[in-house]
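A.B. asks: Okay, here's what each chain looks like letter by letter:
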Amino acid sequence: MTQRIIDKMAAQPLSRGCCATSGRWYIQPEEDMDIRIEEGADVELLIVDKALAVNLDIEIERGAHLRIVEVVTERSAMQLSVAVGADAECRMTQIVLSPSDMRVAASLVAAGARFELNGAFILTAEEQGSVTVDVNHLSADCVSRTSVKGVASGKAHGSFSGLVYVAPDAQHTDSAQSSRNIVIGDAHIETLPQLEIYADDVKCSHGATVGQMDADAILYMRQRGLSLADAKRLQIEGFISDVVLHASIESLVEPLEELLSVKFNSL
Amino acid sequence: MLKVENLHASVGDKEILKGINLTVKAGEVHAIMGPNGSGKSTLASVLAGNEKFTVTAGKVEFMGEELLDLPIEERSRKGIFLGFQYPVEIPGVTMANFMKLAVNEHRKYRGEQPLTAAEYLKLMREKSAIVELDSKLTSRAVNEGFSGGEKKKNEIFQMAMLDPKLAILDETDSGLDIDALRIVATGVTRLKRDDNATIVITHYQRLLDYIVPDYVHVLYKGRIIYSGDKSLALKLEKEGYDWLINDYKEE
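Chains as they are written, first to last, in the working numbering: chain A, 984 to 1250; chain B, 7 to 257.
Because the hints were derived from the structure by calculation, they are not lab data. Quantities reported herein were computed from a predicted structural model and do not represent experimental measurements. Keep in mind that the hints are not guaranteed to be accurate.
Straight line, CA to CA, 30 Å or less: simulated BS3-like cross-link-like pairs of lysine-lysine [unchecked claim]:
id, chain 1, residue 1, chain 2, residue 2
1, B, K142, B, K241
2, B, K114, B, K84
3, A, K1246, B, K198
4, B, K128, B, K65
5, A, K991, B, K241
6, B, K65, B, K198
7, B, K171, B, K31
8, B, K58, A, K1138
9, B, K65, B, K236
10, B, K241, B, K58
11, B, K9, B, K171
12, A, K1246, B, K236
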């Protein structure tokens, strides 16, 4: 399945310690890696996680645009650190379909930097997993957007923890963070959004919800003839759909939908 | 088609339907009217199979079969459609995708093959025209951001797609301006045939100017206290319910 995604994107493998120029790349990190995104480059990067604990450091130089899709289908523990330079941008989509511990640490190091993460994690049966997103506003005039959706069914246990740190000099920071979650059955999801702000002229919002499925919507769908199982599945699909539909690499929307569809069958 | 006998239903400890008797034959349109809180919506929900309500006595036959043992989705597949008073929004699920699943579920139940993409598109185009539903709406999420009128048109669109034997329209006219009301009512009238039936639940005579009922029933405190022909609706509009309610002695 992951090979299909790589093929679909027509991406080239990126090697360790390398400097990425404009183009489409993929990595399946087996050991710690450092990657530099060249000044002004426009890069699409697919990260397919292996069942390993690795650190990945990415530095985005001035004015470069990096779009990342990270797909996690094996039990992994990846720490991804991204440093976004002046007027550079990182847009990331993270899809976690295995009981993994994922950590993203983004640092906005110079004015005009922008970081955006749209993520989803789905845990079933007795799986346990966590997603941590730390966004560090280290410079003035930077923007960050974090939105992570979680679904847990059966006896699964998930957690989201998000920290937005705004340094004393990081005036005019514009940051939003949201964590929305649906639990089904006896599953649990904990969410811990945090703000740590040391500058006084900033715009920071955060919100978190954990809820059950919408009983009225299920009833509505069943009245139209859908089985209870199909109605539940459709609602979860709908909940997650915008993450996939707006995946930061457009050519991956379809294979990601297929990948999710397999996971939905096990809900 | 539908035979309701001595139907009692409760939510929690509160009895809402206190012995409903109603017979609907193919080709008929029945209007159910009555003051707020009389049990109109509950009757619609119980017939559709909403599990929030408990049936405590009575029986319901639909197409010669016992209905009350069936779950809501099976009643739908057998041909019962409920037009919701408050259509529900389903974020992220497109109308087109939702209806495709529903239509194919119904087809599967009848032992038919699912529609091809082309057949489905054609059906959707045909049926959305019946209620002048903007075809762009079918690519949007179910009822999300729809205006009041669009939501109700969308209910009748779904009714047209599923082609039910019995449609129960729960206050489909509420919150509609006169144009939307006309479109919705015309849609319902166009879908009327000799082999299907409609129960229209409404507060106002206004809707019945467009959908002409064969019978009008007045529901009050969980019972049908009076039935008549379409002239009853006009009389209710003019004189209100008081003359009926005063006549009616609760046992």
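A.B. asks: For each hint, tell me whether it holds in the structure or not.
C.D. replies: Hint by hint, here is what the structure shows:
no. : hint                : result
1   : B:K142 with B:K241  : violated (42 Å)
2   : B:K114 with B:K84   : holds (11 Å)
3   : A:K1246 with B:K198 : violated (43 Å)
4   : B:K128 with B:K65   : violated (40 Å)
5   : A:K991 with B:K241  : violated (68 Å)
6   : B:K65 with B:K198   : holds (26 Å)
7   : B:K171 with B:K31   : holds (10 Å)
8   : B:K58 with A:K1138  : holds (26 Å)
9   : B:K65 with B:K236   : holds (27 Å)
10  : B:K241 with B:K58   : violated (34 Å)
11  : B:K9 with B:K171    : holds (14 Å)
12  : A:K1246 with B:K236 : violated (55 Å)
The structure does not agree with the numbered hints 1, 3, 4, 5, 10, 12 stated previously, though it agrees with the rest.
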